[in-house]
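Mind docking chain R on chain E? Use the hints.
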Amino acid sequence: MLNEMSTIDFQTLFESAPGLYLILTPELKILTASDSYLQATMTKRESVVGRHIFEVFPDNPGDESADGVSNLRASLYSVLRNRVAHTMAVQKYDIRRPDGTFEVRFWSPMNKPLLNAQQEVKYIIHRVEDVTDFMKIQNEQERKDKIAEDLLVRIGTMEMEIFKRAQEIQQLNSNLEKQVVARSIELIKTEQQFRKSLDSLMEGIQIIDRNWRYVYVNDALALHGKTTKENLIGFTMMERYPGIENTEVFKTMEQCMNDRTPRHFENEFVYPDKTHRWFELSIQPVEQGIFVLSLDITARKEAEEKVNRANRLYAFISQINQQIVHVQDEKTLLKNCCDIAIEFGKFKIAWIGKFSERKNEISLIEQSGIAEKDLPKFTPLKLHSGGPQDIVLKSDSYFVCNDLRQGDEMKNLRDFAKENNIRSCMVLPIVRGGKIVATFNLYAGELDFFKKEEILLMQEVTGDISFAMNIFDRDEQRKEAEKALLNSESNLRTIFENTTSGFLLLDAAFNIVSFNKQISHFAINAFGFDMKVNSNFVEMVLPERKEPFRILLESILRGESMYQEVNYPDPDGIILWYRSTSSRILDRNGEAVGICLTVDNITDRKKAEAELELQNKELIKTNSELDRFVYSVSHDLRSPLTSVLGLVSFIEEESKEKDTLEHAGMIRSRITRLDGFIRNILSYSRNNRMEIVREQIQVEKTIREVIENLRRFNEQNDVVFEVDVDEKTAFFSDAIRMHTVLENLISNSIKYQDPEKQNRWIKIKATTSEKDLKLEVEDNGVGIEEENIGKIFGMFYRVSGKVPGSGLGLYIVKEVVGKLGGTVTCNSVAGKGTSFVVHIKNMVQ
Amino acid sequence: MMTNINPVYDLVMVIDDTPEDLYITNRVILKNNFASTVLQFSMAQEALKYLQDNQSAIDKIPQIIFLDIHMPVMNGFEFLKAYDRLPDFIKQHNKVYVISSTFDEGDIINVRKDKNAKDFFEKPLTREAMEKVLQQKI
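Respectively, the protein sequence lines represent chains E and R.
Take the first sequence: its letter number 714 is residue 752 in the numbering used here, and every next letter is one higher.
Take the second sequence: its letter number 106 is residue 90 in the numbering used here, and every next letter is one higher.
Next up, chain R with everything else stripped away, as it sits in the complex:
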């Protein structure tokens, strides 16, 4: 699927405070034709602001959000809490996946418990993980 010339998604958002990780995720997505455009945010509050600001333009809302957990100022869980307050049509339009280097079971369990977090993937984001996302799309 991802070998197709046409990317699976139009718009994917990545939120990660580590520039290298942001780069790696971005590159993996693009290289595997997972998305045509990647919106990159190194701060969660800015990503949230983007979503709030673009409510009226649904084409600017990403279909997939890859979210890191451990970030300064607003961490992944705080973002998920704020995300939950977004209008339903926004939330229905996209899915949030958590990617993190954490393997603190506490973190992972919290992710699994969060209704807005579809799944948890370990960093680095892999082709297999993206394939799983695709399967969940169906």
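The shape of chain E in the complex, shown without the other chains:
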């Protein structure tokens, strides 16, 4: 045995081992590396041997967080120091490509010391596993997150109800993801355990001679074979494992034995006790026969399987969730669910069956994967007591069978299952309105497919489907409510037909949806056509009016409101007036779905309006005639007055007669009074008559002119005027009216001076602004009794008979200021004085 052993080229064996090995000296120089290692790290043996490990495998300079070197160094030092194996956590240790760039890699390294007789470290075996692909599976998680995000974005654009639905789904998704994360963590743990067990087991090694006799086996292999070295060495494989010559493994070994080329593959080994284990096998031809390295990869295989299955189911549930969000009808949703189960869930068959009214039958409504010829078996399917659907119905829960070869429940399905390679199945209830109405039936090709997690996932999927169904039900209920509304429409119709208004309903394409008889009368009168439901309104009008009419309707659809008054002769030739108003009809989403047009016969109102307008015109005419009359009469009256005044002044100058002079004085007084009256009437009539002429007003200049004019014709010339004007802002108004206002206010102040007072004054203050002119005329005259202040702006109101006046002055001021867009107010204390505050709008354009 030893002799045989010595002929074995262990270095070759080591170098061709499937594992990723590096043998280091205590100085961390590379002694050698396995082919796999060289291949995985993209290096050549001759370029690494003899060099320091970190010289060959430096950190990726492009990755600032790279800590592979320091971690590895720490681990190697720990091995040198403690002389026991050290397993490192998964490392990101990027590999330098021959071209100098780096490739992202994740590794699971383990360093083990080889001790000499003195228990000193002779070598370090650095063994790594490239777990990049495994880490990529983890990264998948991020991709899944992105899918969820995309989903959310899409949802955002959907209507509220869908949004709510989606949110609930989102919740489900997030729960789902939590589970996937949890599972991934669990996987990592398994992976780590698997590393540890590998660590202790290492590879099984067997050397088999050309007669299929075990020449050498190590402990690990014996352990793999659940036997002992002694039990194997010296025996043939066929002796130990009868029937092995019929297996794929044996056939591959045989090939290697014959053609002398290495083989590398994975194999599931079934033990006599029916348990399974997965091995990675590396078969090398050696002198004696073949050399077989075997690595137990059962844990990894199972983990991979689990991840694959989880991914599969995740894709499945994610697809279904998207369907729920997008699909609006039940049939399509259910059909798609079945299809997705096949396409993404990789189930063999998926079907949805609906329970009959009496729950004694179940009928297939949608399916995927069932052969045409088998369909009749499902429509309907008698529910037999104790069958899966029956169990679901009675237990109000799901049913799982992980091996269809066993269990009474499945006996009816057994033949069908065999024919279709179905090995496990699950039946889930679809709940609608709180009751199980259907089942989702999933048939898988694998044994033991439905484990705890899978069951949970499938329950979620079915929950989602049930949820969607309930949403459809709600939609259905809404539709029914709408239908009920339609029924009550007959009542509305009565109102509709008997109202005096004409109603016309158009859809968005201007087709007539509905109308009442009033509007059809109108249409006959106005357009000369009979209206018909479903005909296009635009097409009915005269060809030359179509385009403007369409444009008008389109603008209404866009939200413009339309109001028109139109007239058309009735058959007797009498002109009838109609008022037509339109508005658009919006649906729940604010989309314009049609137009409502109403037409009212307003002939009576129009007649009344026309009469009123005529009356108004007449009234305006009368008024203006009256104005002109007043104007010319005043003028004609005034002219002789001035003559009389001229003549009176001759008498006053020339007569020496006391009585004559006195009489002449009285004539002058009466004439002056009459003159003032006529002046006022004139300016009043002028205010009404004349358009406003806007121009810039020199406020101070105007005030001074008015004062100057008034001084000339008044006796009380001893009044002191104070004028304070701030007109930095240009002021625009009607000059003549401004003049009238100033003249009346100032002349009032002059007239009502208090003869008792020594210092009589009138203060005029004016300030211009963008908005207006503020004018204050204040005096220390006799003032106005409080109870009279309210009356002073009235027509023909006079405070005292003693003071000459027409009683029109302030009335005119109020009227004129009003016309100029302003206000006038008065403050006065009897015996103290009076102040008028006027605001006149600045007509700056």
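Hints were generated in silico from the structure; no laboratory data involved.
Every residue, glycine too, gets a C-beta built ideally from N, C-alpha and C.
Some hints could be false.
As the list claims (entries may be wrong) - Not the full set, but computed from the structure, chain R residues with beta-carbon under 8 Å of chain E:
| id | residue |
| --- | --- |
| 1 | SER85 |
| 2 | PHE87 |
| 3 | GLU89 |
| 4 | GLY90 |
Just chain R now, kept in the frame of chain E:
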């Protein structure tokens, strides 16, 4: 000034369709020694004709014209328009003052705007008004 024995102006023209007003104005002028001679016209077109006819005799052209506004056939404004077309030496020789019983601001503003109308006085013509004319002479 007007109390002087010698009248201020030699020749003053008054145009007014109202005989009483013509009389009053004439009398006020003379009484106040404002002018030695008053040319009285009750129709504006005749006054204009007089001015046109006497272009060559500058001593017959009045130094001051008192013009009424509201008159039939040719009113004061129409007269001012026609007056504007007179030769400059005529216009430089005299000044037109508008006297009227109007207090229609529109009229007054039009008068103020007219370059040939020196001022506006309310009827009846007063001594104060004539004094103002004198001041404007200086």
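Hints versus structure:
With a least beta-carbon distance of about 4 Å to chain E, the hint placing R/SER85 at the interface is held under the 8 Å criterion. A distance limit of 8 Å between C-beta atoms decides the matter here; for R/PHE87 the minimum to chain E is near 6 Å, and the interface restraint holds. Residue-level restraint check for R/GLU89 holds (minimum Cβ-Cβ distance to chain E is 4 Å; threshold 8 Å). Because the beta carbon of R/GLY90 sits about 7 Å from the nearest beta carbon in chain E, less than 8 Å, this interface hint is met.
In this structure, every one of the numbered hints holds.
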